[in-house]
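**Student:** Chains as they are written, first to last, in numbering that gives the first Met the number 0: chain A, 0 to 458; chain B, 0 to 458.
Treat each hint with caution, since some may be false.
Same chains, same names: a pair is fine if it fits in one copy or spans any two.
[To be verified] Mimicking PhoX-like on lysine-lysine, the simulated pairs with C-alpha atoms at most 20 Å apart in a straight line are:
id, residue 1, residue 2
1, 86, 194
2, 1, 171
3, 224, 125
4, 80, 224
5, 295, 421
6, 421, 125
7, 421, 270
8, 295, 147
9, 449, 132
10, 147, 125
11, 295, 449
12, 80, 142
Keep in mind that the hints were calculated from the coordinates and are not lab data.
Chain by chain, the residues run as shown.
Protein chains: 2
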Amino acid sequence: MKIVILGGVAAGAKAAAKARRLLPDAQIDIYTDDTHVSYSSCGLPYYIAGNFEDYEMLLVRSPEAFEQSRIHVHLLNRAIKILPDSKQVLVYEMTDKQTFLVDYDKLIIAVGARPFIPTIPNINLKNIFTLRKIEDGIAIKEKALQSKHATIVGGGFIGLELLEAFIDQNLKVTLIEYSPFIMPMFDEDISILIKEQLISINDGRFEILTSELVSEFIGDECGVKIVKTASGRDIETDLVILATGAVPNVEIARDAGIAIGETGAIRVNEKMETNIPDIYACGDCVEEYFIMTGTKIWMPLGAVANKEGRCAAMNACGFEDIFAGVLGSAVARSMYLTMSMTGLTEKKAAMAGFNPVSSIVTKNDKVGYMPNVNNITLKIVADLDTGLLLGGQAIGVGDADKRINILASALVGKLTVEEFLKNDLTYAPPFSPTIDPLLNAAEILSSKIKALRIGKFAE
Amino acid sequence: MKIVILGGVAAGAKAAAKARRLLPDAQIDIYTDDTHVSYSSCGLPYYIAGNFEDYEMLLVRSPEAFEQSRIHVHLLNRAIKILPDSKQVLVYEMTDKQTFLVDYDKLIIAVGARPFIPTIPNINLKNIFTLRKIEDGIAIKEKALQSKHATIVGGGFIGLELLEAFIDQNLKVTLIEYSPFIMPMFDEDISILIKEQLISINDGRFEILTSELVSEFIGDECGVKIVKTASGRDIETDLVILATGAVPNVEIARDAGIAIGETGAIRVNEKMETNIPDIYACGDCVEEYFIMTGTKIWMPLGAVANKEGRCAAMNACGFEDIFAGVLGSAVARSMYLTMSMTGLTEKKAAMAGFNPVSSIVTKNDKVGYMPNVNNITLKIVADLDTGLLLGGQAIGVGDADKRINILASALVGKLTVEEFLKNDLTYAPPFSPTIDPLLNAAEILSSKIKALRIGKFAE
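If we strip away everything but chain A, and leave its shape as in the complex, we get (with noise of 0.2 Å):
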């Protein structure tokens, strides 16, 4: 049995280690054009941040640790083209410029994404960055340790990760959002909040441009020198970064006639098999089954794709296995505010065709008189028709995370608002207020949908 596997960072590692413990005696093989296998790629901002000193703290299993266990690990061999006829795929070994083709009984295709790179002047100039890969954290770093000033291309999860990164670092920094709003998956309200709370913590180090456009960079063979913007600002830089999103690698898929789905990404069932047969896919390159809605969504998450990889090894072995798809739930870190969400923001849920009601709550994180209490903003959504909870929202610097991931759960049991409060949270001072600030959400969004419902309720 040859189980070959293309890629390696999370789902291709995940699928590889899975396999190992299933089939000791199949032959297992990851291909990759990258130089590292087996990374968190997620703790790259925490590595340039400076909270810890060696990359390799982001290496999860190395080439020896994967050859100890028999598996082969071919960094910087890029695969080229899959030939499902013949069950090969073509392999470019980019160090010695070969090519030559690998046998498979099974393939994994765990290929991932890549940075989205805007089409804006001289972007190729030095010192402009994207961040996915370990050299590019270690090249980030090395840059950001000699400069004093870096500009942030792009609000969402990545570049505000980015913008704790290089205060931590002592940088001045200047974030440019093209939309009205950072964190453009959170409700607008939420979203809102989050600037605010970001610049009510701000001490003039950083500054965040919302509905602005970079029009230009200026530099020299140095590097970048200067961001010019939409609305005429040229703001003197160091070091840019490109967090404008992300693009999975579907490339080589399609090429094979692989199905690509609604989003752009791979189409994959349950079983994360592809169209073509002994062919599975996972991680980042595909698109994931959306509980909330029953439709698909592409989300390009670190333990999602570990559950892939798992799921796809797993079907790849022999050995039945589902993925059952994702609630949406995420966490990022910023000026360490908490942003986390599952579920259907208000909005999307009204794209899907729910009637959404929701509550806000500012709550203390723990009981008031604690030493290190803080606020967290919490807005619930639910179903006016139907009671059904859809979704939560949670920024906070204090412990909002905890609360998005008790609503998961229910959301898994599909709870209506009113059996989510039948929940015991535990209560000791250190830990939260007597009353979970969600369950005053849940309190006050249930008699907001009693009132709805018999027409009472006014804003």
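Following the hints, position chain B against chain A.
**Tutor:** What follows is chain B alone, placed relative to chain A:
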């Protein structure tokens, strides 16, 4: 409408505030033998620890604030008899030593619990304390600040919270527990781990004696000096805490013909009604419906008391409300070790007639390269026959409580282990490992259940 509330710490104070919001014109009176009303007794260990200086931080709402809402608070007024036929309460005014009758339309009994005092020679010596009321906390802190050694009798929640408090105040501490295990509400394997983990972070400042009894206190008019134990130890000490449990205050209710339940606490239905019309009870003096088993349990906890107070007020004021019961969720911290649980332990699941099976994992609470990463140990329990999740226990210096609350939602939703595995928990390096330890534990439990069902599982 005259609403009379007996007791005003948590349930009573909450009931009063809620009743006022519901019925702006009702006459609302709180009678309590306490010196204070509406305070966080759960916060007393943190006051003693010096986490904050002013005990008034513990006061949620002052008598003056209640008065502004036209809720009349009668401190040091002990209710001594309820006369259901004439709908009156006989009250003893403790300062002036006057007795008088109070009329009620609706009576809410929220008289709480009191410490259980074991029978030990010389237990009335000075500097032997229990912890329940504000003045207990003030007296203990005052004595602790002049002391070098404290003895804590009882290794449950309060005993262990006070261990941290005294260590924070630089005392040496001996904790004595008569059973073989501290925190005996956990499964024995977890109780053993709690003791081991506490001992592992001990730098000689405290000792924990299990299977040990206090045989006698020795002292003089200045107070306790020596704690003698059954095994022959003479422990020199400056103060003693009796943290040997609590008993519900039911005497006044029983005397009035109010039914007492199988747990020894006042029996109420889901509307917090007693068996006598127009008399409600809530808080630490009543027993709870245990959702996990459908039986009764006594859970004298702050969050529960608050919910019950609210529910009692709703129904007393003529609005329908139901308190669904408890899952048995609880958390405490000792020496910065979090100990948290929800639902049934493996032992209690077996006693309740389930066929329990469990898994235990010890994992990082966040990604290993992050600062402040800590271990948590997580045990989850399910029913082998149905796969239903039954409960969980988590301990660790890390974020153990988060995982227990995620599980609590799953218990409300009556999820099986398989269903719970669909959960999509948030991931970013500061918040969890890529796959949350709770999902690891569920994965292992799922495999174990499958293997046991086909008879293939061997420990």
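**Student:** Could you tell me which of the hints above the structure violates, numbers in ascending order?
**Tutor:** 1, 2, 4, 6, 8, 9, 11 and 12
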